[in-house]
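Asker: Let chain A serve as the given structure and place chain B on it in line with the hints.
There are 2 protein chains.
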Amino acid sequence: MRRQITGFSNPTVKYLRSLREKKHRKREGKFLAEGLRLLTDARESGRIPEMLIMSSERDEHPLLTALEQAVDRSGGEIVECSAEILSKITGKDNPQAVAGVFAEFDTSLAHLDRSSAKIWLVAQALRDPGNLGTMLRTGDAVGAGGVILIDDCADPFSVEAVRASMGAIFTQEIAQASWDEFIDWLRSGEGQLVAASLRDAQPYRGAPYAAPCFLMVGNESRGLPEEYEMACDLRVTMPMRGRADSLNASVAGAVLAYEALAALDP
Amino acid sequence: MRRQITGFSNPTVKYLRSLREKKHRKREGKFLAEGLRLLTDARESGRIPEMLIMSSERDEHPLLTALEQAVDRSGGEIVECSAEILSKITGKDNPQAVAGVFAEFDTSLAHLDRSSAKIWLVAQALRDPGNLGTMLRTGDAVGAGGVILIDDCADPFSVEAVRASMGAIFTQEIAQASWDEFIDWLRSGEGQLVAASLRDAQPYRGAPYAAPCFLMVGNESRGLPEEYEMACDLRVTMPMRGRADSLNASVAGAVLAYEALAALDP
Numbered sequence: 000m001r002r003q004i005t006g007f008s009n010p011t012v013k014y015l016r017s018l019r020e021k022k023h024r025k026r027e028g029k030f031l032a033e034g035l036r037l038l039t040d041a042r043e044s045g046r047i048p049e050m051l052i053m054s055s056e057r058d059e060h061p062l063l064t065a066l067e068q069a070v071d072r073s074g075g076e077i078v079e080c081s082a083e084i085l086s087k088i089t090g091k092d093n094p095q096a097v098a099g100v101f102a103e104f105d106t107s108l109a110h111l112d113r114s115s116a117k118i119w120l121v122a123q124a125l126r127d128p129g130n131l132g133t134m135l136r137t138g139d140a141v142g143a144g145g146v147i148l149i150d151d152c153a154d155p156f157s158v159e160a161v162r163a164s165m166g167a168i169f170t171q172e173i174a175q176a177s178w179d180e181f182i183d184w185l186r187s188g189e190g191q192l193v194a195a196s197l198r199d200a201q202p203y204r205g206a207p208y209a210a211p212c213f214l215m216v217g218n219e220s221r222g223l224p225e226e227y228e229m230a231c232d233l234r235v236t237m238p239m240r241g242r243a244d245s246l247n248a249s250v251a252g253a254v255l256a257y258e259a260l261a262a263l264d265p
Numbered sequence: 000m001r002r003q004i005t006g007f008s009n010p011t012v013k014y015l016r017s018l019r020e021k022k023h024r025k026r027e028g029k030f031l032a033e034g035l036r037l038l039t040d041a042r043e044s045g046r047i048p049e050m051l052i053m054s055s056e057r058d059e060h061p062l063l064t065a066l067e068q069a070v071d072r073s074g075g076e077i078v079e080c081s082a083e084i085l086s087k088i089t090g091k092d093n094p095q096a097v098a099g100v101f102a103e104f105d106t107s108l109a110h111l112d113r114s115s116a117k118i119w120l121v122a123q124a125l126r127d128p129g130n131l132g133t134m135l136r137t138g139d140a141v142g143a144g145g146v147i148l149i150d151d152c153a154d155p156f157s158v159e160a161v162r163a164s165m166g167a168i169f170t171q172e173i174a175q176a177s178w179d180e181f182i183d184w185l186r187s188g189e190g191q192l193v194a195a196s197l198r199d200a201q202p203y204r205g206a207p208y209a210a211p212c213f214l215m216v217g218n219e220s221r222g223l224p225e226e227y228e229m230a231c232d233l234r235v236t237m238p239m240r241g242r243a244d245s246l247n248a249s250v251a252g253a254v255l256a257y258e259a260l261a262a263l264d265p
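Chains as they are written, first to last, in numbering that gives the first Met the number 0: chain A, 0 to 265; chain B, 0 to 265.
Chain A extracted, bound-state conformation (with noise of 0.2 Å):
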C-alpha cells in the first residue's frame, strides 16, 4: 500500500514523531530505523520494516528499490513525504532519505540459544545508548550471539542506540532482564560469567576463558556492584597504566570481547 502525506499535522507523522519517545515506542510496541544501509542490513537479516517512509526527494537506487519491493511482499506500507517533513520525523537536519518502523523484537531471556554463540555481552545499567549501540556493533563484529542488559540499561530501541548500531541491532539477539532472572537463567545450563573488574581478578590476557562465555560490564560512572562480580566465574582486569582507572565502558567491553574471541575461536 502506498500512500503521500503532505501535512506535517498528519496522524502519521505525529505517530512517527511520537516514536522517538520511549514511552511512545513501548506502548506501541515499535521503533524507528533510519537510512538506507540500516534498511539494508534490516532486509538481509529477514527484517523488514511494516512501514517505509520515503523522501519524496529521494534518488533512485538498487538497494531502494529491493527494500520498497520487500516491504510491498510483506504486506508493508509504503509512505512518501517531503524531505521537510522527514527531517521533523527524524529529528535531525539532514535526514537520510528513508526511515522504517519496525516491530520491537522479543528481548525474553527465554528465546536465547545460549549455545548458538561463544560469546555474548552483557550490560549492567549501562546508560548512553550510543555506549549500548556500540556493544551491539562490536557483538556483531566479534560473532558474538547478542547482548543482555540487565536492570536499569538505555532503550535498544532508541534512535540513538539503533544509530550507533550501524545496523547491529538487527543481527545480534537482545534480552532484557533483572539480575535475579539473567543470575537464574544463566544457571539453569552452561556459561561462564565473565565481570570486567578492577578487585581481585586477574589478568585478561591469557584469562581462562570458556564457552559459551558471558562477558559483563557495568554502569559508566558506578561500574558493576560488588554481588554482581562476586557471582561471576571469572574476574579480569585490563592494564591502566594512567591517571584514571577505567575506560569507557563500551571500549572495556570489547578489548575483552577480542581477547575472548582470539581464546576461544582463533
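Hint data in this document are derived by calculation from the structure and do not stem from the laboratory.
Hints are supplied without guarantee of correctness; some may be wrong.
Which copy? The list can't say, so a pair holds if one copy fits it or any two copies do.
[As the list claims (entries may be wrong)] DSBU-like, lysine-lysine: derived pairs with alpha carbons at most 35 Å apart:
1. K13 with K29
2. K25 with K117
3. K91 with K22
Answerer: Frame of chain A; chain B shown alone:
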C-alpha cells in the same frame, strides 16, 4: 580574586556561554571543563583553571577546597553564581557544582616528545567529539603519549570531548596537523606508523609493533584514505565475524592499543 555573579546578563556569563562554541573558543584560546573530578584530575596534572566558577549551592568538599586554594595561589579568579546560572553556562539541566576555564594547550607537533611513550594514537578526520574524548581516555589507560589529530577532526576542547575524555584531556598530549605536516614530522625521527585497515593487512595479534608506535584510525564513515594506509609501515586488521565490516573508530583504536601495549610494554 573572588566575585559573585547574580544576573544572567552579566558579561562573564555571556563570555562563559560563548566558550561552548568553537569559533569563540578559538578566538579566546580558552575552553571549559566541568565537574570536581575533572578539575581535580587537571589540578593533579598541574593544570589550574584561570577562572573557577562555583555554584553558591554547592556542598563543601576537601577536593573543592584544594582547587580553590590552587586557583588562589596561581592568581586565578573565583566566581560564585547560582546553580541556575551555572546551568545556563554549561548547558546542562543538572550542572555539576563547579566548572573551570583553561587556556587551550599547545597543539603543535613540534611540542611532542615522541620518545616519552611507546604508544601514540592518531585519529584521521574523526568527527564525533565523544569518540575523540574516548580515544583520549583510552590513551591515558594504555599509557600513550597522546593523541594526534590529522585533517579535519572534532575539536578536542569542545565540552563533549572534554567530558568524554574523563580527565584525559589534561594528561594526554594533543597535536593537530594536516596529513602532510604529520608525515613530514613523523619521518623526521623514529616511529612506526600502523593503520587499522581492511586492505592488504596482517592479523593485528602478534603483528611486529615497534616503539614509538603510532596507531592510526580513520574517519567514522569513510575509514582511512588509501594513500594514508599505503604510507604506513604496518597495516593490521581485526577479525570481523559479523555482517558489518567495521567497528566504532574509538573501539578499533582501543583494541589495537591494548594489543600494542601487550607487545611493547607487557
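Asker: Evaluate each hint against the coordinates.
Answerer: Structure-based check of all given hints:
1. K13 with K29: within (14 Å within a copy, 43 Å between copies)
2. K25 with K117: within (31 Å within a copy, 49 Å between copies)
3. K91 with K22: Close inside one copy (20 Å) and across copies (23 Å); limit 35 Å.
Hint violations for this structure: none, all hints satisfied.
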